[in-house]
Amino acid sequence: MRNKVQIEQNFIIDKLTDSILNTISGDSFQTEVSRLTSLDLKTVIKKNGWNFDWKIEFNDIQKEVYKLTIVNNSNDYSRFVEYYN
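Going by our numbering, the residue at position 1 of the sequence shown is 1; the numbering climbs one at a time, nothing skipped.
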């Protein structure tokens with residue numbers, strides 16, 4: 001059995017919305033929610049500026065990882081949400 005390590009994050013959730021919202025301009029974008037795929041994982045890597053290893057979460061059978069993308073811009077993987085079963 002692995003020891004759990006508590007990791008604290010340094011960010012603030014300023015607002016919960018039903019769409020992707022640009023907090024600077026106030027623009028709201030129609031949002032699609034879909035499951036993260038193994039193909040998506042090839043782009044969310046440290047080399048591309050990611051500091052979090054989504055592959056670990058993706059491979060955990062007790063979790064489901066979803067991506068939030070702007071409609072008609074499905075290549076923008078800047079938002080993820082995770083669901084614990």
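Quick caveat, the hints were computed from the structure, so don't treat them as lab data. Hints are not guaranteed to be accurate.
[As the list claims (entries may be wrong)] Label-pair restraints from in silico Cβ distances:
#1 42 x 73: 14 to 22 Å
#2 25 x 63: 18 to 26 Å
#3 62 x 22: 27 to 35 Å
If you're wondering where the values come from, they're calculated on a predicted model, not measured in any experiment. Glycine included, every Cβ here is placed at the ideal spot set by N, Cα and C.
Going down the list of hints, with the structure as the test:
1. Against the hinted window of 14 to 22 Å, the Cβ-Cβ separation of residue 42 and residue 73 comes to about 18 Å, which satisfies the hint.
2. Against the hinted window of 18 to 26 Å, the Cβ-Cβ separation of residue 25 and residue 63 comes to about 33 Å, which falls outside the hint.
3. Between residue 62 and residue 22 the beta carbons are some 33 Å apart, a value that agrees with the proposed interval 27 to 35 Å.
Hint 2 from the earlier list is the only one contradicted by this structure; the remaining hints agree with it.
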